[in-house]
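Chemist: What follows is the residue order along each chain.
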Amino acid sequence: MKITPAASQRFVVAFLWLITSITLLVLLFIIGYILVHGLGHINWSFLTESSRRMGREGGIFPMIVGTILVTGLAVIIAAPVGVLTTIYLTEYTREGKLTSIIRFGTDCLAAIPSIIFGLFGFVFFVVVLRMGFSIISGALTLAIMVLPTIIRTSEEAIRAVPKSYREVSYGLGSTRWQMVTKVVLKSALPGIGTGIVLSIGRCISETAAVMLTAGSALRMPDSPFASVRTLSLHFYILSREGISMENAYATASVLIITILVINVIAYLLMRRLAAKVR
Amino acid sequence: MSDNAKIIVDKFSAFYNQAEVLRQIELSIYSKERLAIIGPANSGKSTFLRSLNRLNDLHFHFSHSGKIIFDEKDIYDNTVDVPSLRRRIGMVYAVPAPLPCSIYDNVAYGPKVSGIKSRSKLDELVEFGLKKAVLWDEVKDRLKEPAMNLSGGQQQRMCLARVLALQPEVLLLDEPCSGLDPISTAKIEDAMLELKSSYAVVLVTNNTKQAARASDRTAFFLMGQLIELSRTDELFTNPADERTEAYITGQFG
Amino acid sequence: MKQDKIIQIALTIVALSAISSLVLITVFVFKEGLPIILRVGAKDFFLSGDWYPGEGKFGIMNMIIGSLAVTAGAIIIGAVFGLGCAVVLTQFAPRQLVVILKPAIEVLAGIPSVVYGFIGVVVLVPLVREYLGGPGLSILTSSIVLGIMVLPTITSISVDVIQAVPKSYRDGAIALGATRWQTTHMVILKAAKSGILAAFILGMGRAIGETMAVIMVAGNALELPHSILDPVRTLTSNIALEMGYAAGEHRQALFATGVTLFVIIMILNTIALTISRRSAGKAAKK
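Chains as they are written, first to last, in the working numbering: chain A, 1 to 278; chain B, 1 to 253; chain C, 1 to 286.
Chain A extracted, bound-state conformation (with noise of 0.2 angstroms):
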């Protein structure tokens, strides 16, 4: 028997939408598996109180202090550099030689995995620089981590602002740098601000790297350069250890509430920037 086109799509497109069904469902498995066993664990005093005997009791406040610490500090680097390589890539400059370098670095740096940055970050800034364990060590190796993102993103952000904003812009008498912060990084921002949010993301959920820069102390941090344990860290700790699963199920879902909130400023600050093209 001859398969007829017709059916062979009917089978195929019923396999694709069977894949495509068992993704969304492994989604939200995750999500509500965590949350299932976290939420009931999560209370005022477990976000606002010290972890007692290495995690097993109290809560997870210097954790959430010091992944507020970490990430803040490496997007606050990250995101100028970021937005600065892009206008000059983009508005400074035409494509040549450099350029093809600085894309080339952007996407190399793009590919290493975490845990080489987690490396470099502990010869060069933790043992070299003398930085020891650190806030500023982790949010140092963070801003490089997450360097490429915002180049990336407002990259696709500025090339998405129409030429002519531009020759309005010189044409009404602006220097190229009024041109760049009043009119291109004005109607770019929705999609800086995307890509700025994601790298927070990117920030929270990183674990190896900021492991071997940022080290686990349990307690408060009282300088940038005190050691911090993030909270995906400290759920490692909790969970691989096994020293207290009620504990690692809680701070899961602090993180995954977190990531799901991020992912939402992201999609609005996207249909935003969506909106303002069209």
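No lab work stands behind these hints, which were simulated from the structure alone. Do not rely on the hints blindly, as some may be mistaken.
Beyond 10 angstroms from chain A on every Cβ pair, some chain C residues (computed) [claimed, not checked]:
1) Asp4
2) Gly41
3) Ala42
4) Gly56
5) Ile64
6) Ile105
7) Pro135
8) Lys167
9) Arg206
10) Asp230
Which residues of chain B face chain A? A few of them, derived with a C-beta cut under 8 angstroms, are [stated by the list, open to error]:
11) Leu55
12) Leu58
13) Val80
14) Ser84
15) Arg86
16) Arg87
17) Met91
18) Tyr93
19) Ala94
20) Val95
21) Leu99
22) Tyr104
23) Arg162
24) Pro239
25) Ala240
Note that this is a predicted model, so its numbers are computed, not measured. Even for Gly, the Cβ is constructed at its ideal location relative to N, Cα and C.
Given the coordinates of chain A, work out where chains B and C should sit on it, guided by the hints.
Modeler: Below, chains B and C without anything else, positioned relative to chain A:
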């Protein structure tokens, strides 16, 4: 008229990637005149207009030879402050291009980047520009609205107001009515007539009737060359060159 | 003008930070890692399975095999599921569903790798142990977990390259009476072939570089695996597991493991870049 030339174009040629798109142009533009530039597509008329306030600099592949003298100085001289040159020689584009902000911010953009910070001075310039562009009465109560909300014709007059708020000396109009309906076109032409008393106006247009209606002198460009330049009534009734005649009688282009 | 020049120079300097970071990373990782490879000898380092840091034996062959095995499994799963999702997203899903599917796959990319590893341990490992045998911590389990993790990368790049195929191709084929699926696989996927290949290779890079999830589900055994149900240790987990207490030669050997990983990644990345650049060139010519 010859003693008050505002701009003197002296053997000016322009190139994109070595290809010569303007060939040895020589002409003068006087203050308080309306000069129309007509010609078929690719005749170099827009390139010429954009050379007058150095907007072609934005193309990395652009180069030129010859001079354009404005205020006794070659505008392509290295010491020229290009942003302030562009403020003095303003440009309105073929397609209305409002910036993505309010009407007020659009019109105040030029004065702001020129360094004016005083709110009352900005208010004054915005009102001045909008009045000159015959748009004030239509928008005075909705200055904070996004400029995108205006109709096409209003947007184009706002673009005109945006340039006028800078109080330029020369006004360059690049087919400003090509996308507009006859009523909006008439409004822009009215505005141009009023502007003539204070500025030199250079109008590039595809519409020979518009050139005949709204200019004092007309230049005919063909394939990067200036073929003929004379008083508008003369050029349209009694052209010296047969190519000009062919064009204005609609035999090509 | 003068101000513009200063800004231009400042921006050039800032713009060089990405490439200089790359140089710094390369220099420092190699400086720490290369000497030990030379001292032990490349043959003993890469082709021996004896990793006994206490006795000064540093052979990483089993880990290279572990990484490759886990990555191969991951890419099979990631390719089937990732490309499947991309095809559904671009060819078959109605608009209303696309606006749910696309963000969902982005969320999948955002979930921390430790969470994937954890789900692998508490859900997948017992299932594999129960129904397929072995310790559960295995190549198979890691491949499944990593496959899901690289799926978003493959999907999003594939969606981009599929959407870059000119619409006229598809309309032309449909007009000739081809079914939707015939059009998809004979015209669209064919045109997007090299871009999709680049997506698979980048997915491989991600899988081979993943650390935390693999540590949790791969079992980390130093022995050479004999079946996909055996536990393995990957290059990445070797570094993360032992970095905490390693010193001296041992630490250098971990950096050397990093050097190996770095070289593999750079080779994969170069291949992917070359392929996608060539396909971009082809598209431009058409």
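Chemist: State for each hint whether it applies.
Modeler: Consistency of the hints with the structure:
no. : hint   : verdict
1   : Asp4   : 6 angstroms, violated
2   : Gly41  : 22 angstroms, holds
3   : Ala42  : 20 angstroms, holds
4   : Gly56  : 21 angstroms, holds
5   : Ile64  : 15 angstroms, holds
6   : Ile105 : 7 angstroms, violated
7   : Pro135 : 16 angstroms, holds
8   : Lys167 : 19 angstroms, holds
9   : Arg206 : 8 angstroms, violated
10  : Asp230 : 21 angstroms, holds
11  : Leu55  : 6 angstroms, holds
12  : Leu58  : 7 angstroms, holds
13  : Val80  : 13 angstroms, violated
14  : Ser84  : 6 angstroms, holds
15  : Arg86  : 4 angstroms, holds
16  : Arg87  : 3 angstroms, holds
17  : Met91  : 4 angstroms, holds
18  : Tyr93  : 7 angstroms, holds
19  : Ala94  : 10 angstroms, violated
20  : Val95  : 7 angstroms, holds
21  : Leu99  : 6 angstroms, holds
22  : Tyr104 : 14 angstroms, violated
23  : Arg162 : 6 angstroms, holds
24  : Pro239 : 33 angstroms, violated
25  : Ala240 : 34 angstroms, violated
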